[in-house]
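Colleague: Since the structure of chain V is provided, determine the placement of chains H, E and D on it from the hints.
Residues per chain, in single letters:
Protein chains: 4
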Amino acid sequence: MIVEMQKGAEYRFVLQVLEKIKELGFKYQVNLGEERTVVAILGANTNYLDTQIFGVMDYVEEVKKISKPYKLASRDFKKEDTVVKIGDIEIGSNKVVVMAGPCSVESKEQILASAFAVKKAGGTVLRGGAFKPRTSPFAFQGLGEEGLKLLALAKKEIGLLIATEVMAPEDVSLVAEYADIIQIGTRNMQNYKLLEAVGKCGKTIILKRGMSATIEEWLCASDYILKEQNNGEGVILCERGIRTFETATRSTLDISAVPVVKRVSHLPIIIDPSHAAGDFRYVSSLAKAGIAGGADGLLIEIHPNPKKALSDGAQSLTFSDFSKLMEELKSIASAVGRNI
Amino acid sequence: MIVEMQKGAEYRFVLQVLEKIKELGFKYQVNLGEERTVVAILGANTNYLDTQIFGVMDYVEEVKKISKPYKLASRDFKKEDTVVKIGDIEIGSNKVVVMAGPCSVESKEQILASAFAVKKAGGTVLRGGAFKPRTSPFAFQGLGEEGLKLLALAKKEIGLLIATEVMAPEDVSLVAEYADIIQIGTRNMQNYKLLEAVGKCGKTIILKRGMSATIEEWLCASDYILKEQNNGEGVILCERGIRTFETATRSTLDISAVPVVKRVSHLPIIIDPSHAAGDFRYVSSLAKAGIAGGADGLLIEIHPNPKKALSDGAQSLTFSDFSKLMEELKSIASAVGRNI
Amino acid sequence: MIVEMQKGAEYRFVLQVLEKIKELGFKYQVNLGEERTVVAILGANTNYLDTQIFGVMDYVEEVKKISKPYKLASRDFKKEDTVVKIGDIEIGSNKVVVMAGPCSVESKEQILASAFAVKKAGGTVLRGGAFKPRTSPFAFQGLGEEGLKLLALAKKEIGLLIATEVMAPEDVSLVAEYADIIQIGTRNMQNYKLLEAVGKCGKTIILKRGMSATIEEWLCASDYILKEQNNGEGVILCERGIRTFETATRSTLDISAVPVVKRVSHLPIIIDPSHAAGDFRYVSSLAKAGIAGGADGLLIEIHPNPKKALSDGAQSLTFSDFSKLMEELKSIASAVGRNI
Amino acid sequence: MIVEMQKGAEYRFVLQVLEKIKELGFKYQVNLGEERTVVAILGANTNYLDTQIFGVMDYVEEVKKISKPYKLASRDFKKEDTVVKIGDIEIGSNKVVVMAGPCSVESKEQILASAFAVKKAGGTVLRGGAFKPRTSPFAFQGLGEEGLKLLALAKKEIGLLIATEVMAPEDVSLVAEYADIIQIGTRNMQNYKLLEAVGKCGKTIILKRGMSATIEEWLCASDYILKEQNNGEGVILCERGIRTFETATRSTLDISAVPVVKRVSHLPIIIDPSHAAGDFRYVSSLAKAGIAGGADGLLIEIHPNPKKALSDGAQSLTFSDFSKLMEELKSIASAVGRNI
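Residue numbers (numbering that gives the first Met the number 0), protein chains in the order written: chain V, 0 to 339; chain H, 0 to 339; chain E, 0 to 339; chain D, 0 to 339.
Hints are computed from structural coordinates only; laboratory data are not their basis. There could be a bad hint or two in this list.
Treat identical chains as interchangeable: a pair holds within one or across any two.
Keeping only pairs whose Cα atoms sit at most 20 Å apart, straight-line, the calculated EDC-like set for lysine to aspartate or glutamate is [what the hints assert, rightly or not]: (1) 118 to 79; (2) 199 to 169; (3) 19 to 195; (4) 94 to 215; (5) 155 to 49; (6) 94 to 327; (7) 67 to 320; (8) 323 to 79.
Same shape as in the complex, but just chain V (with noise of 0.2 Å):
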């Protein structure tokens, strides 16, 4: 249930509206939008609410159940457009921002190699696994807290916001250390104890979206992360492809993720070409289309020596092949009214 307060109500009233949710024993969240203030008032029974509790109070202007079963994503809540703000970084403003890396933290030349290719071509924030989720349980899994330090030198050495996996909710705290952006990757992105805990870190998240996820299953999964923050940390959507008959592509890229997250929800929207592709051969289609289609950026794998790389290697740009790439995507982005 939404409770939307008139237009100038003063916070006293907006008070007097909280301290009823929480008399009938509900949760809430507020959203003090540039126009008006709107309370979402959460928990399991509230369609047995009846509207006119709150309707009656004073200075509040509309109340209304929502049907959609994402509530914190949604426009209704929120109409403004989030930009997620990490010092000086915003992702869902006017500016597009490239996130690039390998897929896993190998070693410290192939780190840093990769961060200095990134900052080079304009990227700003620099990726790369440390924890890495495996299909098989004996595959390389990832160089762990030793791989978020060699994150932390990139960082320090070049200059570049960090983004990374966390797979546990026991890791969150160790991840969150070091990583500016937390990743959850595409089989965990209903793993709810994990979203809770990383909802809870202080940093912004990135939520893939589930190999078979409807779009309206990941924003409620974003709600499972955005009802633990305050505001100001946020929620990055990440488009990675979904799981399709064609076979050609690892993950058939669902490019209209973007329009439809656009209309329904506040929050940003990135293009992972990489992981949809499973092919270095596609990915600058792919991330060209994400960009001309209105995505908020990109997440994209590159590598110093792709044919060596420990995991994902047939996906991973050459560093020159990405900075090509990225002159490209300036032209795009100017093309829609947008900067890199």
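Modeller: Relative to chain V, chains H, E and D alone:
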């Protein structure tokens, strides 16, 4: 099986190869490339042929068995991009071609107004359905020949090429009298009798991807048309969304099909964002993504009054939205080194 | 729109309703049920009809608009299960019908041996393809009329009904000369011209589900056939697997289609485990599941020598495996209160 | 890599192999089969190992690299069917095991009534959710430990084994105190930390297939559990429907998974018709198909009053429908040479 002649081999040596193929009871198709001539040997049992039969002939460079199930559509048979020419218009060249119009031809006023809007905004082909495939036999099935006549009138009055769908072999000659480009719809992608019939009619064919066809099956279907054609008429592939579990859009536009097709086939590929999305609010985003991703053109539904359309109104753009989109597309095309 | 007559209404009152429908420019189909007569009003614009036009007529019990897109296949139009009768054979009754035979008719020896094996094991219909839809135009396309003649010979010699596929409207009358049951293959489920053509040919039709068709679309397709038929010829639905992301089997047999179809439609439904699995090792398991789940019959591929089959050998059972399966099926049928 | 010992090789020779594996820095798992002992060598880099290292050792019969990504779940590692034993109960043997109960434990009355109904009809395991994964964070999340206590009470009063889901590694030890069988839900199939945690807890695990997991990925996930287990606890696979385009049922039960799993793996497999269908009207048909197709058991939702269930009421059977189904299942089981 593919027989590549040596560079500069005289045509009489090619003829020797063709004679041998006929003698053995097979069919063939010849690609007179700029650099060298390539001959495809066609038939159910080419696997049993010994490559040496041709390998020992004069001026034969190489003979290879093709493991891909499609032959004529493959880059192995024809290395250079196919540019389909219809009068002055080229499809598959540097110029991006926009085809637009209503789903169904409904009346003289509607089709003339649409044609004018297409022309004014910079489109080159008017699309409109006279024969409509409908899921239910009790839904509106199109105006038939009356619709074709209205398209012809619009062509004459406004000056655009005409593209329209044909659904049955017995209608092909009628439709070919009026249309410059004939569409095979998604439901008929594997209607082999129809494919062979349009292959013989001397017109350019748009082959829409089957809703659940893999890219490989789609290219195989194009072989059914190509094997009936002489050089120069050509086939245009059209990605229009595949069926997946996601229901936020009617189909899932498989944007990756663009770079995949460009890699394995020489045929031009266009995008139909209207049928993919099934919702006019997403069409512009997908159209821009398509061109940025490398597509050679677009097939877009527009309607003077989408709310009153007899079919597919929800996915049609108004004239003014279409005109605005065209301006944006020009910038995108220019950003990827092309023009509209 | 559906007009239900009162119980025991004389036929002259039904005629009044039919007259009115014709007068208004619509078509109709009549179901003379055991309890009461039901009339379906057919046409693109029945939505604009006022139910009261018929509601006030004598002996009309109820008039309802049907929101389902299929009408003639629905239980709203016909409450009782349809039992398709061909001579002595009933499909959709208590007896489970097994149709078996080779994918393609290859030779006299092959088809006679197959027919004998089917008969001996207790099957009632011989299936065999004379016209084969093939993904590639260069694959074996079937023996054509020669194949039909061999089927006719097997029918005469061994005494089984004949089921075979037709792929184009112009072949329907030829195939109908030889076949008792005509199959529409998965690729042609939405080839509407073909559906109408077979609807008129006076034979029973097996309508295979399109590889990516929803159950609703499948029933709509059956309406294209049913609207051309008089009572008594009938349509048999055949579930043959749908296209999903799983590649361990060629298609995914949608076993749930059996109870779903049984609930919403009156038509009989059979299962094709051979095409679904694409692997003979899984056929027995799926066949048994199909009968236990409530299917009215099976369509199974067998071959005297699967390894040498010209098409689909990998999914064909040997005669001895088929015979063993039939014994198991008899027990299963009996466990669900039916017989074979 | 798999090391097969010779028939009758004494255990001290096996020990030599194990020593060598440890020395090389790898882990192993031993299968003491009836005929011969097989050792699996586990780790990320077994590909780099030379098979000759073990091939030359005493009483080693054969050393092979396994190309399948799953190892411990494969028939290469263990030829004979695994029969999971919990007290007197066997899963994977000739007896078909029926597990039934409500989706969520709601109250003492509800769970005792359900347990009694399960017992009376011939079921052997009571299922019930205490921790519920829910798409929206604002939906009912289960009673938690209170629910576990109610399950324990039902076990004591009625005498059934208890199966319940666990969602987070930190809850595993708590749940293991109460449950005989621990379920991993579809959303957590690739929550690797959770798989490892339950692998260590000493209980039998039901691993549900991920909604969009291939059979191969599912078996890989089972390896995460199996590698932590000693012999005897075991893993039971549960097919619960996959995500496809069809919306007539909530998921599409992949019945083919039964024969496929039986061929490539030694693990038992059961079917969950309730979650697959999402509709009680289809549950009986799917349950019967499952047993006829070769499944080792069923997981069925029942509820004393489905319309009032706090979750998933639409898919729950009433007690009387369940009891009727059990009678039919007994006939089916007997038809395929098994019993319930």
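Colleague: Each hint should be assessed against the structure and marked as holding or not.
Modeller: These are the hints, each one checked on the structure:
Taking identical chains as interchangeable, the C-alpha atoms of residue 118 and residue 79 are never at most 20 Å apart, the minima being 31 Å within one chain and 37 Å between chains. In this assembly of identical chains, residue 199 and residue 169 lie within 20 Å of each other by CA distance both inside one copy and across copies; the values are 13 Å within and 17 Å between. Proximity of residue 19 to residue 195 under the C-alpha cut-off of 20 Å is found in neither arrangement, the shortest distances being 25 Å within a copy and 44 Å between copies. Taking the closest pair of Cα atoms, residue 94 and residue 215 never come within 20 Å of each other, the shortest separation being 27 Å inside a single copy and 38 Å across copies.
In this assembly of identical chains, the alpha carbons of residue 155 and residue 49 never lie at most 20 Å apart, being 54 Å within a copy and 42 Å across copies at closest. Taking the shortest Cα distances, residue 94 and residue 327 sit within 20 Å of each other both inside one copy (15 Å) and across copies (18 Å). Taking identical chains as interchangeable, the C-alpha atoms of residue 67 and residue 320 are never at most 20 Å apart, the minima being 42 Å within one chain and 29 Å between chains. Taking identical chains as interchangeable, the C-alpha atoms of residue 323 and residue 79 are never at most 20 Å apart, the minima being 34 Å within one chain and 24 Å between chains.
Against the hints set out earlier in the document, violations occur for numbers 1, 3, 4, 5, 7, 8.
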